[in-house]
Amino acid sequence: MTTQQAGRFDGRVALVTGATAGIGEYAAIAYARDGARVVVNGNNAERGNAVVDKIRSQGGEAMFYKADVSSAAEVEAMVDATVEAYGRLDFGFNNAGIIGEGTDLLHEYPDDVWQRVIDVNVKGVWLCMKYQLTQMLDQEPIGPSQGAIVNMSSIAGLVATASAAYDASKHAVIGLTKSAALIYADQGIRINAICPAGVKTPMLERAAAKNPNFEEDSKALHPVGRVANPEEVADAVLWLCSDLAAFVTGSNLVIDGGWTAQ
Amino acid sequence: MNWALARAPAGRLPAQLQLFPMRTNTYPELEGKVALITGSTTGIGKAVAVGLAAEGCKVVVNGRNVKNGNAVVDEIRADGGEANFVAADVSDSSQVKGLVQAAVDEYGRLDLACNNAGHEGMGPVTHTYPEDLWDATMALNLSGAFYAMKYELAQMMRQPQIGPNRGAIVNVASIAGMVGGASPPYNASKHGMIGLTKRAGIEYADKGIRVNAINPAVTKTPMLDRFMQDDPELVPEWAEMHPIGRFAEPSEMFDAVAWLLSDHSSFVVGVAVPVDGGWTAH
Chain F
-16 MTTQQAGRFD GRVALVTGAT AGIGEYAAIA YARDGARVVV NGNNAERGNA
34 VVDKIRSQGG EAMFYKADVS SAAEVEAMVD ATVEAYGRLD FGFNNAGIIG
84 EGTDLLHEYP DDVWQRVIDV NVKGVWLCMK YQLTQMLDQE PIGPSQGAIV
134 NMSSIAGLVA TASAAYDASK HAVIGLTKSA ALIYADQGIR INAICPAGVK
184 TPMLERAAAK NPNFEEDSKA LHPVGRVANP EEVADAVLWL CSDLAAFVTG
234 SNLVIDGGWT AQ
Chain C
-19 MNWALARAPA GRLPAQLQLF PMRTNTYPEL EGKVALITGS TTGIGKAVAV
31 GLAAEGCKVV VNGRNVKNGN AVVDEIRADG GEANFVAADV SDSSQVKGLV
81 QAAVDEYGRL DLACNNAGHE GMGPVTHTYP EDLWDATMAL NLSGAFYAMK
131 YELAQMMRQP QIGPNRGAIV NVASIAGMVG GASPPYNASK HGMIGLTKRA
181 GIEYADKGIR VNAINPAVTK TPMLDRFMQD DPELVPEWAE MHPIGRFAEP
231 SEMFDAVAWL LSDHSSFVVG VAVPVDGGWT AH
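As given, the protein sequences belong to chains F and C, one line each in that order. Using this note's numbering, the first residue of the first sequence is number -16, and each one after it goes up by one. Using this note's numbering, the first residue of the second sequence is number -19, and each one after it goes up by one.
By construction, these hints were calculated from the structure, which means they are not laboratory data. Heads up, a few of these hints could be off.
Computed list of lysine-lysine pairs in DSS-like fashion (alpha-carbon distance at most 25 Å, straight line) [what the hints assert, rightly or not]:
#	chain 1	residue 1	chain 2	residue 2
1	F	Lys202	C	Lys187
2	C	Lys77	C	Lys130
3	F	Lys183	C	Lys187
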């Protein structure tokens, strides 16, 4: 992937939740590549530190912070730690999410799995925004933007794909994003969501392992004939955070190889 | 705002003194590509033409107004860019065919297109809306986008592929393609354009051509000036519809078009991206 945009995020600080693998990992690496200092969040310290090492080996600056995004206290502490380490927070990529291992059938879906999916995928995004926005409003902006937030939804936020809990949670992220975008638009903070379809991540590999026809099904579902690379999703996240998207707020950017256009 | 353009010097050197063309290079993969922008004599289309030329594209400027078209070409050339004007009315299929042919005659191929030509068709409410204005607006906005894509796609499919993709197309729809609030044919045509974009997006996704759209909200263009003359009370009302608290600059629409035309959006297909300051979020 070409880029002539190195240095566009110099002096900025990005917090990426669920950044120990998949899209979050690639986004963390991309933010750092373009000059931002990055907080890599996740639950797995070993994998998180491996991402940090990767960023540092490429000359970037990053730290790992372990936190469960569904815990208000942990999210607040994470934003505090970000500011303590790097002085500010310019970008939040609220990416942490779980698919929810359960049955496909709503009437058999376990309550505890439902609760966990909603807690991580929706409440987690809300809590992250809450503390990120508090910090963003409190600091001097660099350039024209007071801050930018990107929330991870999915095409499951637009159409039904997986399970009741996942589909509901991702639809909810879009609603939450619109609501927050309206409130903070005139304060210089832009908030958008992204809606990827299939992306080559560990989450997808787990789904693929369960479906012998995965390859064929993927091709049929994506008119482009393949699933996305995580870099392609990370690129959209960075574009939304950049001043090149200065008039884009409250939107859900669909990165689905044509899935939902069908 | 385009951060690269913002750093460009305020005053322009005469073309003969320009040692190096003014280049933004936000997306180096666009360099040398041939781009056709319909309705690019003013407004968003002009911003896209000027912006793509600064990215190093060879640009075909199109519209019905020769004077305005040549002025855009002059502006691009003065900055060291490459452009030509081709007059054509996109609501006429044969003229669109000629337009794409002229682009190929001039530059040998067609890699990128931005189908932007459109008119607001402001008039009375539906039950008194004149049929001729309906026909003209639908022909320009919706059939025009269809004709444009038809001949653009035919050329992209016909020519030898350079690099990983055959081409990319961005249609300039509108938030009027998501909500109601302009004129009957404007809303119908812009909704239709989004459907057309999805269809073409699917059809050409596995052939290396990505088709997408943008949905601008109110942008500071001559169209806005016409709205203001037409109904002075409408504009203050609209201002309040943008949570971001202002109207868009044409360059902000270019920034979205450029991203969609670039390889950076390589998995984005059949999508209409709102660039609307939050309008359609509420």
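Going down the list of hints, with the structure as the test:
1. F:Lys202 to C:Lys187: 14 Å, holds
2. C:Lys77 to C:Lys130: Judged against 25 Å, a Cα distance of about 9 Å means the pair holds.
3. F:Lys183 to C:Lys187: 21 Å, holds
Hint compliance for this structure: no hint is broken.
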